[in-house]
Amino acid sequence: MAEIIESKIKMKKEFIKGLWKEHPILRQLLGMCPALAVTTSAINGISMGLAVIFVLFFSSLVVSLIKKVIPPQVRIAVYTVIIATFVTVVDIFFKANFPQISRALGPYLPLIVVNCIILGRCEAFASKNSVLVSLLDALGMGLGFMWGLFLLGSIREILGFGSLLGVKMMPPEYNPLIIMILPAGAFLVLGFLVAVMNRLELRIKD
Amino acid sequence: MKNLILIFISTVLVNNLVLTYFLGICPFLGVSGKLESAFGMGMAVTFVMTLATSISWLIYHFLLERFGLLFLEYVIFILVIASLVQIVEMFIRKFSPSLYQSLGIYLPLITTNCAILGAALFMVTRNYDFLESVVFGFSGGIGFSLVLLIMAGIREEVNYADIPYAFRGAALTLIIAGLLALVFMGFSGLISS
Amino acid sequence: MKEAFKIIVVLTVICLICAFFLSFVFSVAKEKIEMNAKRAIEEGISKLAPCAKRVEEIKLKDEVVYKLFDEQDNSVGYAFLAQGQGYQGKIKILAVVDSSLEKLEGIEVVESVETPGLGARITEALFMEQFKKLTVIPKIEYVKEEVEKDNQIMAITGATVTSKAVVNILNKRIEELREELKG
Amino acid sequence: MKEVQASLLVLGLTGFSFSLLLAFLSKKLKVKEDARIEKILSILPGLNCGACGVSGCRVFAQAVVKEGKIFSGCLPAGEGMNKEIAKALGIETSVVKRKSVAVCRCGADDKEKKVSCLYQGPKTCKAADLIGGAIDCLYGCFGFGDCEAVCPPGAITVAKGKVYVDIEKCIGCGKCLPACPSNLFELLPLAENLDTYYYIACNNREKGVNVKKVCSRGCIACGICTKGENSPFYLKDNLAFIEYKKIVENEPLEEAKNKCPTKCIMKFTVHSS
Chain A
1 MAEIIESKIK MKKEFIKGLW KEHPILRQLL GMCPALAVTT SAINGISMGL AVIFVLFFSS
61 LVVSLIKKVI PPQVRIAVYT VIIATFVTVV DIFFKANFPQ ISRALGPYLP LIVVNCIILG
121 RCEAFASKNS VLVSLLDALG MGLGFMWGLF LLGSIREILG FGSLLGVKMM PPEYNPLIIM
181 ILPAGAFLVL GFLVAVMNRL ELRIKD
Chain B
1001 MKNLILIFIS TVLVNNLVLT YFLGICPFLG VSGKLESAFG MGMAVTFVMT LATSISWLIY
1061 HFLLERFGLL FLEYVIFILV IASLVQIVEM FIRKFSPSLY QSLGIYLPLI TTNCAILGAA
1121 LFMVTRNYDF LESVVFGFSG GIGFSLVLLI MAGIREEVNY ADIPYAFRGA ALTLIIAGLL
1181 ALVFMGFSGL ISS
Chain C
2001 MKEAFKIIVV LTVICLICAF FLSFVFSVAK EKIEMNAKRA IEEGISKLAP CAKRVEEIKL
2061 KDEVVYKLFD EQDNSVGYAF LAQGQGYQGK IKILAVVDSS LEKLEGIEVV ESVETPGLGA
2121 RITEALFMEQ FKKLTVIPKI EYVKEEVEKD NQIMAITGAT VTSKAVVNIL NKRIEELREE
2181 LKG
Chain D
3001 MKEVQASLLV LGLTGFSFSL LLAFLSKKLK VKEDARIEKI LSILPGLNCG ACGVSGCRVF
3061 AQAVVKEGKI FSGCLPAGEG MNKEIAKALG IETSVVKRKS VAVCRCGADD KEKKVSCLYQ
3121 GPKTCKAADL IGGAIDCLYG CFGFGDCEAV CPPGAITVAK GKVYVDIEKC IGCGKCLPAC
3181 PSNLFELLPL AENLDTYYYI ACNNREKGVN VKKVCSRGCI ACGICTKGEN SPFYLKDNLA
3241 FIEYKKIVEN EPLEEAKNKC PTKCIMKFTV HSS
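Chains as they are written, first to last, in the working numbering: chain A, 1 to 206; chain B, 1001 to 1193; chain C, 2001 to 2183; chain D, 3001 to 3273.
Think of the hints as simulated: they come from the structure by calculation, not from any bench. Mixed in with the good hints, there may be bad ones.
[Stated by the list, open to error] Across the chosen pairs, the derived CB separations fall in these ranges:
1. Pro99/A with Met1001/B: 38 to 44 Å
2. Leu3118/D with Gly1033/B: 29 to 35 Å
3. Glu2071/C with Asn1003/B: 48 to 54 Å
4. Lys3123/D with Asn1003/B: 50 to 56 Å
5. Thr2135/C with Asn1003/B: 48 to 54 Å
6. Asn1003/B with Ser163/A: 39 to 45 Å
[Claimed, not checked] Below, a list of computed lysine-lysine pairs in the DSSO-like style, where the Cα atoms sit at most 27 Å apart:
7. Lys2038/C with Lys95/A
8. Lys2002/C with Lys68/A
9. Lys2061/C with Lys2032/C
10. Lys68/A with Lys2092/C
11. Lys3066/D with Lys1094/B
12. Lys10/A with Lys3169/D
13. Lys3160/D with Lys21/A
14. Lys128/A with Lys3027/D
15. Lys2067/C with Lys2103/C
16. Lys2149/C with Lys2164/C
17. Lys3030/D with Lys1094/B
18. Lys1034/B with Lys3123/D
19. Lys3027/D with Lys2006/C
20. Lys3257/D with Lys3227/D
21. Lys1094/B with Lys2059/C
22. Lys95/A with Lys3207/D
23. Lys1034/B with Lys3162/D
24. Lys3002/D with Lys2059/C
25. Lys67/A with Lys2032/C
26. Lys3245/D with Lys3212/D
27. Lys67/A with Lys2006/C
28. Lys3066/D with Lys128/A
29. Lys67/A with Lys3028/D
30. Lys3169/D with Lys3227/D
31. Lys67/A with Lys3039/D
32. Lys3087/D with Lys3162/D
33. Lys10/A with Lys3039/D
34. Lys3257/D with Lys3099/D
35. Lys3002/D with Lys2030/C
36. Lys2030/C with Lys95/A
37. Lys3039/D with Lys2006/C
38. Lys3169/D with Lys21/A
39. Lys2132/C with Lys2059/C
40. Lys3175/D with Lys3099/D
The C-beta atom is built at its ideal place from N, Cα and C for all residues, glycine as well.
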């Protein structure tokens, strides 16, 4: 009985850590490329987050299942091919059912394939732990990634376009800061977000 | 010939893959701590990227377009890149263990380096011919190494500065990268094709 | 030897499984994607040329051009897709021109990856309005200050490269159309 | 259906050719490395934390294979994994126990340390030691956390100018000793039978009256602690020390701790096995 409870707590811990303690973008600094590129609006952030969750979930599932069979030399090649397959499925799915989201995400949807989170999680986690734990970890990381993207997307959208999720937020005479949409703005906003995260982490620690 | 030089300058300075397209940020933040590991990483990425774009161009034109298998695009490109990186990893491990030690975790991360796949995908959307895509891959790698070295130089200076606790480490690197991106935007008027 | 053999088998088998899985998913979704693309074009055409009721596809070289007919079935003009290299990537434009190929009914930028806030402003109505009823002969020109002739449009400040790209793409495509249709 | 065969052919062929290349190269470029290192690496958690006193897991695995024994044990892994490593190496291992714990010979915090000038140099102990003047006491702790930065398992935290060593986490690797410019750290040997230990949290070798001027918690070499019979304390150039070998039981130490006027004798207990 004790092990079941203990393993339950462990499971919960694996899931929770992705949401805050080991947040993929703000703490581990993985998956920055899409995080910076796509978050010119909150909607893009969410759809990219959803796509990442789908791909992360299924690749962790497949990787943790077949991890014993793969010889070390080909390990990266095999993992990336699996991830690429799932991303193409997502790409086709978005093109078929949500053409406008697929246009909005544009070239950055395939970049999930090389998204450091997914291979990072597969390489560091899924290839060393059991199936269920890696799935929980994948879900945790995916959700963490999504709310990170949403937060980043909404900040940049509010400052850059003066709107949130397309709804006008700012008074009309607010002229939007174009820099927020440009690459430089993305770096700066994310830099400050990581700093805020460090500050919060520090206050929790002492 | 003029067109090739144009591509080279525009990819290294104007549309730098890292600073304007956000490609390759993970190794950019991770490896830019020390100058020699940044240089090692830059050279490895340039090598892999040049080879990857040329092989991807060949596969794209002779295999994918002819059989109409465009949906295989991502899988094939990433397979090429992953295998190339695996080969580079074997070479570095065999011939310079010290560089292998300092690159450590970041060597496999080159495969997940968005810059390389990004370069291959841009080469497709901009439908360059073979020579242009080789130059594009090479200049993409050079641009990546250039920005990586600049960042490594700055960060080695920053280690001696007195930084508030919250901004230590990655947060400051991101802000430096933001300022670098602003600087590189200055180049945008350079080429008016 | 066993190690090398294992590498070859594993990688090839994984590739084959992925290939099969992908092609299966693609063949299922293929019609839907084509249907979406067609619907997007139809929507564009109906928006640009409300009077067009019937659309007829003509194959020219490898591009598709749509001949438009109104209720009385006389040709009202042509709709065509033109694409080219913008500042940062591909720009795709759907344009409708009258049957004499002299006046543009209007254009709609279908796809573009231009810098948000600058180049991306070509997708806003303000820019596209200028192309309504724009004469196309000899060819469209762009100016920085105010417009004098009726074949000129004003470029977006800060995104002259993108505006120039749009004008060039249209001119090139209309030129091609002129030879194909007249010739 | 055409796509299915075509894609099978194309992807299969590319995959096959690259796997051929990889297989061939992996054999030709085989780096002659002991297979056991890979085996150990797969057991280790792979955190590269340095708690074993070495720079990373791969280096730890290589060292363990080279020396044939587990020299300091992987702390995050805990007992279970160390036994597994031993099994993988085919050697039996005595239960991995740390032989000593680090203590800091300065227990005064910001309030107790007198500071008469405003130090604005770089916030590292090494710099403060070079420039001087951060605190009045010439032997004391600057509190800028050079030790905290270097401690592999992160056992040391510096808060309000005072060094706290988390006894459970400390693995006795001794990396903090060279890191502290005032050499305040010393490795206190852990005995089998004892679980509470005492140490003097002061390093000031000035006369008592001068110590009072710079710190309210420093050892003024009054010698009260050395008075009791067979007490392990002894005085050497105005500072109290403990002769650890002479300790039989803790009675005299506890007594001296209470009698000490400036309360600079510290105590800690070790819980884990």
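To see whether the hints hold, each was checked on the structure:
Checking the proposed 38 to 44 Å range against Pro99/A and Met1001/B shows it holds: the Cβ atoms sit about 41 Å from each other. The given range of 29 to 35 Å is respected by Leu3118/D and Gly1033/B, whose C-beta atoms sit roughly 33 Å from each other. Remark: the range hint 48 to 54 Å for Glu2071/C to Asn1003/B is upheld by a beta-carbon distance near 50 Å. Separation of Lys3123/D from Asn1003/B is about 54 Å and conforms to the stated range, judged on CB atoms against 50 to 56 Å.
At about 33 Å, the CB distance of Thr2135/C to Asn1003/B disagrees with the hint of 48 to 54 Å. Remark: the range hint 39 to 45 Å for Asn1003/B to Ser163/A is upheld by a beta-carbon distance near 40 Å. Taking the CA atoms of Lys2038/C and Lys95/A, the gap is about 13 Å. The hint holds against a cut of 27 Å. A threshold of 27 Å between alpha carbons decides the hint, and for Lys2002/C with Lys68/A the separation of about 16 Å falls inside it, so the pair holds.
Of the pairs offered as hints, the one joining Lys2061/C and Lys2032/C holds, with about 25 Å between alpha carbons and a cut-off of 27 Å not exceeded. For the given pair, Lys68/A sits about 47 Å from Lys2092/C by alpha-carbon distance, which is inconsistent with the 27 Å threshold. For the proposed pair Lys3066/D and Lys1094/B, the alpha carbon gap of about 20 Å is at most 27 Å, so the pair holds. Between Lys10/A and Lys3169/D, the direct Cα distance comes to roughly 21 Å. Compliance with the 27 Å bound is thereby established for this hinted pair.
For the hint pairing Lys3160/D with Lys21/A, the CA-to-CA distance comes to about 25 Å; that is within 27 Å, so the pair holds. A hinted pair counts as satisfied when its Cα atoms are at most 27 Å apart, and Lys128/A with Lys3027/D qualifies at roughly 25 Å. Only pairs whose Cα atoms come within 27 Å are accepted, and Lys2067/C paired with Lys2103/C is accepted, the gap being roughly 15 Å. Restraint check: the Cα-Cα separation between Lys2149/C and Lys2164/C comes to about 17 Å, which is no more than 27 Å; the hinted pair holds.
Taken as a hint, the Lys3030/D and Lys1094/B pair is honoured in the structure, with Cα atoms around 8 Å apart against an allowance of 27 Å. At roughly 22 Å between alpha-carbon atoms, Lys1034/B and Lys3123/D fall within 27 Å of each other, so this suggested pair holds. With a CA separation close to 12 Å, the supplied pair Lys3027/D and Lys2006/C stays within the 27 Å bound. At roughly 12 Å between alpha-carbon atoms, Lys3257/D and Lys3227/D fall within 27 Å of each other, so this suggested pair holds.
Distance check on the hinted pair: Lys1094/B and Lys2059/C sit about 57 Å apart at the alpha-carbon level, beyond 27 Å; violated. Note on Lys95/A and Lys3207/D: the hinted pairing is violated, with a Cα-Cα distance of about 82 Å set against a maximum of 27 Å. A distance of roughly 32 Å separates the Cα atoms of Lys1034/B and Lys3162/D; the hinted pair therefore is violated under the 27 Å criterion. Proximity of Lys3002/D to Lys2059/C is assessed by CA-CA distance (about 24 Å); at most 27 Å being required, the pair is judged to hold.
For the hint pairing Lys67/A with Lys2032/C, the CA-to-CA distance comes to about 35 Å; that exceeds 27 Å, so the pair is violated. Only pairs whose Cα atoms come within 27 Å are accepted, and Lys3245/D paired with Lys3212/D is rejected, the gap being roughly 31 Å. Taking the CA atoms of Lys67/A and Lys2006/C, the gap is about 14 Å. The hint holds against a cut of 27 Å. About 25 Å separates the Cα atoms of Lys3066/D and Lys128/A, which keeps this hinted pair within 27 Å; it holds.
Between Lys67/A and Lys3028/D the alpha-carbon distance is near 25 Å, which keeps this suggested pair within the 27 Å criterion. Proposed proximity of Lys3169/D and Lys3227/D is contradicted: the alpha carbons are some 35 Å apart, above 27 Å. Between Lys67/A and Lys3039/D the alpha-carbon distance is near 15 Å, which keeps this suggested pair within the 27 Å criterion. A C-alpha spacing of about 42 Å is found between Lys3087/D and Lys3162/D, which places the hinted pair above 27 Å, so the restraint is violated.
A distance of roughly 26 Å separates the Cα atoms of Lys10/A and Lys3039/D; the hinted pair therefore holds under the 27 Å criterion. Between Lys3257/D and Lys3099/D the CA atoms are separated by roughly 25 Å; this keeps the pair inside 27 Å, and the hint holds. Proposed proximity of Lys3002/D and Lys2030/C is supported: the alpha carbons are some 13 Å apart, at most 27 Å. Note on Lys2030/C and Lys95/A: the hinted pairing holds, with a Cα-Cα distance of about 10 Å set against a maximum of 27 Å.
Note on Lys3039/D and Lys2006/C: the hinted pairing holds, with a Cα-Cα distance of about 18 Å set against a maximum of 27 Å. Restraint check for Lys3169/D and Lys21/A: satisfied, since their Cα atoms lie roughly 20 Å apart, inside the 27 Å limit. Distance restraint check for Lys2132/C and Lys2059/C: the Cα-Cα separation of roughly 26 Å lies within the 27 Å cut-off, and the hinted pair is therefore satisfied. Our distance criterion of 27 Å between C-alpha atoms is met by Lys3175/D and Lys3099/D, whose separation comes to about 14 Å.
This entry does not satisfy hints 5, 10, 21, 22, 23, 25, 26, 30 and 32, going by the numbered hints stated previously.
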